[in-house]
Amino acid sequence: MPLYRALLHLYPAAFRHEYGEEMCAIFRRRRQDSAGIVGALLLWVSTFVEVLFHAAAVHCDILRQDLRYAARALSRERGFALTAIVVVALGIGANTAVFSLTDYVLLRPLPFADADRLVKLWEVTPGYSRMEASPANYRDWKRMSRSFEAMGSFTTIATNLVGQGEPERVEGALVSADLFPLLGTQPMAGRLFTAAEDRAGAPATVLLSYALWQSAFGGDPGVLGTRAILNDEPYVIVGIMPRDFHFPTRQDEFWTPERFGESDYRDRADNYLQVVGKLRPGTTLEAARAEMRVVAAQLERTYPSENERTGAVAISLRDELSEQSRLLLFALVGAAACVLLIACTNLANLLLARALARRRELAMRTALGGGRERLVRQLATESVLLALLGGALGILTARAALPLLTRLVPFALPVGAEPSLDGRVLLFAAALTLLTGAAFGVLPAMRICRGTDFTALREGSRAGGGRKERLRAALVTAEVTASVVLLIGAGLLMRAMWRLQAVDPGFRAEGVITLRTALSFPRYEQTARRHAFYSRVLGDIRALPGVDNAAYISFLPMTMTGGIFPATVNGDTLTRNESRSASMRFVTPGFFATLRIPLLAGRDVDESDTVERPFAAVVSESFVKRYWPHDNPLGRHFQFAFHDRMVVGVVRDIRVRGLDRSSEPQVYLPYRQMGDGAFPFYAPKDLVVHSNGQQAAVLAAVQKIIRGADALQPISDVRPLAAIVAEETAPRLAQIRVLAAFALTAFLLAAVGIHGLLAFAVSQRTREIGVRIALGAARADILRMVLRDGLRAAGVGILFGALLGYAAGSALKTLLAGVTPADAPTYAAAAALALLMTLAGSLAPALRALAIDPTAAMREE
Amino acid sequence: MDAPESLLPLPEATFHILLAVAAEDRHGYAIIQDVAARTAGELKLSAGTLYRSIQRMLEQGLIEETRERPAPELDDERRRYYRITAFGIRVAQAETRRLAQLVRLARSSGFATGRA
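From first to last, the protein sequence lines are chains W and V.
The working numbering numbers the first residue of the first sequence as 13 and each following residue consecutively.
The working numbering numbers the first residue of the second sequence as 855 and each following residue consecutively.
Don't read these hints as lab results, they were simulated from the structure.
For each residue, glycine too, the CB sits at the ideal point set by N, CA and C.
Fair warning: there could be bad hints in the mix.
As the list claims (entries may be wrong) - Distance ranges between label pairs, derived from CB positions:
1) W/373 to V/957: 44 to 50 Å
2) W/372 to V/890: 29 to 35 Å
3) V/890 to W/376: 39 to 45 Å
4) V/912 to W/370: 20 to 26 Å
5) V/947 to W/94: 17 to 23 Å
6) V/947 to W/71: 31 to 37 Å
7) W/780 to V/912: 39 to 45 Å
8) V/890 to W/435: 26 to 32 Å
9) W/435 to V/957: 35 to 41 Å
Said to hold, decoys possible - Reference listing, derived: stretches of chain V covered by chain W, where coverage requires no fewer than 3 residues with Cβ under 8 Å from a Cβ of chain W:
10) 882-889
11) 898-905
Whole structure, please, built from the sequences with the hints as guidance.
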């Protein structure tokens, strides 16, 4: 019998209370009727199955009934239902979108086989925590280490693709033959590279990305085995990679073997290889790191001068992401959580207010034998229904918002641009929704029902309940706190962005358009041939109406952070030392004038600086400060990039590495002193044109001039210089926009919350206020009475918000570009906005209180 | 109250329970026994089916719980007795008409022979 009673607990409590005894009595009869052990056993089995089945059916009956009731109740109160649904949708939508982004960028395994065992290997030299490896060191790492099952390398390059429509500049990578097998990737068509193809002198082969295959080859499967012309050299197309394969970044569109020869291994200081390793199963990252330290120390002992102070480090491929990208994502997660918290408290508040207003109805139902548990269940069904509707709307919102988030997916990751809503994300959203509905719906329902008794019937509609008012005020305080935290966070990041935008890059970007014409080698190996191209193009461009200057440089500032060479002055030995390196750029005359970089002393490079003349250099101010702090630098000599060079001019420093980073001193070399076949990588390729007139017309004319000079020359990266500078803060801008949207949402939700709190308080106290007015209370007193509650909740919220905001700001410190987490103007603005919001939310209820007619209010009862 | 036709067709258990309480007030176990006897043991309601049906029928107003009990010597204190309501009678009649109509249609199509 006790077992049967226990089984009955599967039924809803109300049903059990109602019919439990009866059912026990029937079961007892059945037991008496059943004969023998077999009969008893049969009875038990059938009873067990029956109870399981029927309990579920009874639960469904109730659910159906509750849903019908809830739907009817909610359709009667459309305003309430709509508000609640939108509130939940905002919270769930924000979190779903941010979760899908975070999941995509930080959590989901990278799309490679055994992705958790993939690491990047870097050299560590003084001043550089992640330096590319030289081929010689890479080869030795591979030979000496035991932690890795395989090791491969790549170098990113860009090349000119001709013969497929317009000449095109495409980015890709030189890869070692063992790289793709290490990543566990198979081509969609064709094959991967063989070891024989990865040797000096081997025939040139290429793998195409799906995107390039589509765009340049029209998706024609017949391209396999045909030739593509890359940098004037024919490459046999051996395969096409799958659509979702991106490596090392989503910009890369082709891969060719590195084809190393013995000569490539000669210079240990020539660092340009990125190395990927796959840990042996069971080997930890820590063990691999320890081993690499040992390997690097051995290499340093073997090659004391070339590998001086050169270490090696392994970093999980997933962790390649910069600390900044990670932090910004965490900031977004925190912000979305704040929005959800506010949305939930708002939902709880709405439900609580509604339940309080329905107190009489609820008490009546309890009195009529509805049962408290039934009532809680009914209310919970309502709130879960609201949450589910809101959640569905939220998921739709997040889905619509996802394309807007592509800007937030860092470029450095080997994944596509657009995060997707997959099962995990939907599961997350569903769990969040149910939690929202249950936690913030059931608790208020229980709270209400606990106090529901017959006194509610007697009390009439006046009943507000002091304790519940305090709970509601606490919820509003939580909302204000969360929105103040968001305002402070968004405010601090905005201040940081403004500070960065105010950083002087050292050059003037206004009116300058840029484009890239990367000359292909060996066609342009001869200095004279390049000179002919540059002088024809620049001469024609300078003659265009509206153009007042034009020049070429190896790489524009902020587009290429490398290109660093050590510089020494007579007597120094050439060692790898951070404080001795400077960035090297070849320029044509007029570069400084075009970007309006002030010439502080001496002269610009000019057409007379040819290979026959002494090698000249224009250096930046910080270069002078380093080597000749007290002397006139003009005429001084230094050794740089394999030549002795003489300072002929000094210019102001520019921010080569970007606005928020310090840059090495700059050395500019005359373009005509780049010898035949020397430094092909540095051959000036970025064109800058300063014009006063119509930029579009100028650009069209410039492109025509280039095509006239060399019809096979691809033109790429056409954009204003200002856009390159803006790009520096663009990811921040995108992030701040999202944060600001969250802050705004939070702000509005909190205002709704305050309005709800006060409006309800006023409506519940209509009679009391009426009496007060009748007794001669001044309008100001009434106003004070109404506003007091809202202001108190907001004041406490602002205080907590400021404290938590400071904590959040401190966590984001590395993103703040020097803005202190205690930035007073930000706090003042956040507090002022919160107060404004409180007053705005209080306005309508306060006016309603003032408009109460005492006689009408007292007659109401 | 809804029109009797809105509840048609009645679930089998519901119709049998209405038949069982049509003549006299009965408690749960008596209903089970009555239904079993009436159908010659073919339909044995389980306690779960019975009370789930009873709950729904109470809500629909087909039956009501009665406070008047039969003679104490026949009564078990804990039992609840159910009685058919006027609405319940109307619904049962409507269901009977529906079934009769159905049988008539079946017979005219040659499906059934003999008397209903």
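Requested in this report: Determine which of the earlier numbered hints do not hold for this structure and return their numbers in increasing order.
Outcome: When the structure is compared with the hints, numbers 2, 5, 8, 9 turn out to be violated.
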